[in-house]
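Protein chains: 2
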Amino acid sequence: MTPATGKISLVGLGPGSLADLTGRARAAIAEADTVIGYVTYIRLIKDLLDGKEVIKKAMTEELDRAIEAYERARAGRKVAIISSGDAGVYGMAGPTFEVLFQAGWTPGSGVEVNIVPGASAINSCASLVGAPLTHDFCAISLSDLLTPWPTIARRLDAAACADFVVALYNPKSGRRTRQIEEAQRIFLRHRAADTPVAVVKAAFRPKQDIQFTTLAKMREAEISMMTTVLIGNSNTYVRDGLMITPRGYANKYEAESGFAAARDGEKAGVSLSTGLTGWLAALHAAHAGGRTPAELARTYRLPEDYVAAVLSEPWAAEADAAADDAE
Amino acid sequence: MTPATGKISLVGLGPGSLADLTGRARAAIAEADTVIGYVTYIRLIKDLLDGKEVIKKAMTEELDRAIEAYERARAGRKVAIISSGDAGVYGMAGPTFEVLFQAGWTPGSGVEVNIVPGASAINSCASLVGAPLTHDFCAISLSDLLTPWPTIARRLDAAACADFVVALYNPKSGRRTRQIEEAQRIFLRHRAADTPVAVVKAAFRPKQDIQFTTLAKMREAEISMMTTVLIGNSNTYVRDGLMITPRGYANKYEAESGFAAARDGEKAGVSLSTGLTGWLAALHAAHAGGRTPAELARTYRLPEDYVAAVLSEPWAAEADAAADDAE
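Chains as they are written, first to last, in my numbering: chain R, 1198 to 1524; chain D, 1198 to 1524.
Careful: at least some of the hints might be erroneous.
Identical copies carry no separate label here, and so any pair may be met within one copy or between two of them.
[Stated by the list, open to error] No more than 25 Å apart at the CA atoms, straight line, and that leaves these computed lysine to aspartate or glutamate pairs for DMTMM-like:
1. K1253 to D1502
2. K1414 to E1510
3. K1414 to D1502
If you are wondering where the hints come from, they were derived from the structure by calculation, not from laboratory data.
All chains should be built: construct the whole structure from the sequences, respecting the hints.
Shown next as structure tokens:
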């Protein structure tokens, strides 16, 4: 195997102020001969660039940047490609690997490539508005330049329907204004009009701005490419200027428990009956009592073939219940 | 307004080694009189704890930790509550705010609360396997202790169907082994058996381990509470030991374009025809040509009421196309 002669580090800066860099990111920038990135990000870390070659690029030159990085690394140099947030999240990591593969690079070919993770916009923006990400969440980019709109629309619909907290990346640009309106329309098919929405601009940077609004009113907020839009799930609330998603689904207990009556010794709001084992017990009991898979699928809002597959398997309630005991 | 007398910082450590701390996280720990966290995380930052009160807690004592933090902060102390990853993602931020609200805290009441973001497990694990998060992604926890299984199952099904890259948090514990099997079953309803899956254990810590597998074979991998499971979307591939999700949907172009034939001047693989404006044009043209909303909904795999709502609006193709030009 050829010894490594050069190195490319894909460095996530986090939200962008120097205080948000990790030690690993600082070290990768410090050891780099060449630092490549958008003008904005280069400016954010300008105090760390003394004596280095600096290559500033515009938004449309991403693949060029990857090629320049590879050329230098093959000549034995150490190159840091910087991204805001996390380099892997809609960032340079994907396009860079694609360019490297096309150029014949392999991990053993003499150029080391590593990725330095950072807090993505969803994390940084969430930290400024409270605790919206306590429950399952999605990130969806509204940029339809490389992604067909039906794909984006399906994801919006699926995320809204399945009650994910959602962060919209690239929500709107000067010319691309209707995507956010379509996103709102799709969400309103599933979520209440008063669902909390936070619009966070330039998190942890000088122009930081936070707007709280609702799903019904979000079009009145100032939304741009500099913002991330956080949409709460059906349990998210705003109190004292903080957007909170509670961890438990206590207030959903009745609706979700379906045929599973609480058993002796269960605490209210704790989902022993509606966790997997409890749900399996309830499902098999209801089926034995004459409910069809189609009816049960409607009750639990799950696909009928999934419910039927689960019901087709032998059911040993005692064993599963015992296994759950110690958790 | 009462001046702040104490402070609670909810600090995300990132994956866990000291090199992964941000400057902001280090500063929050440095200024704290008291540091509270799980035994494991306290151990990770033990070199930063000289002279501080340290409160180690077990997994089940989360609310106790929030209460102890508040008691100390009300007495004027500075408290850091540490979490691995991001404090907001399935972390202490949510439960802490809930406890504080119950205790009568408000943002103006003399105890300042702030959150220091960090890279979550999805980011750290992704950075070690390649670039799986180049496209839209979800995080789903398989812990059904506080969440009803039907809610989790609906999210798994929605994420699998809408082609999100998915990170499964808390995939399996010693006693909770069937949830990951159900997740696999639900994913196999929508994704190919050879969909790439990465199982990452203890990212950036001494016991770090990475396994590549597929959706069909993932049950053979060693999965525990220490691991995060990354499932690729339909375009994700593994090459030379790297899991890559390409940015574009070039290979989906034909399938997604539906009735929208490429127009003169379009580049192949670029979704001008399938971005929102192009899709609207195609949709209206097909409707004018006699296709019903129901047929078009099936073609694009979108809800019929959404397609009907879009079609019910006046359509000015020229204006929208002009607006798209400059992007």
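Status of the hints after comparison with the structure:
{"no.": "1", "hint": "K1253 to D1502", "result": "neither (53 Å within a copy, 46 Å between copies)"}
{"no.": "2", "hint": "K1414 to E1510", "result": "between (48 Å within a copy, 20 Å between copies)"}
{"no.": "3", "hint": "K1414 to D1502", "result": "between (38 Å within a copy, 22 Å between copies)"}
Hint 1 from the earlier list is the only one contradicted by this structure; the remaining hints agree with it.
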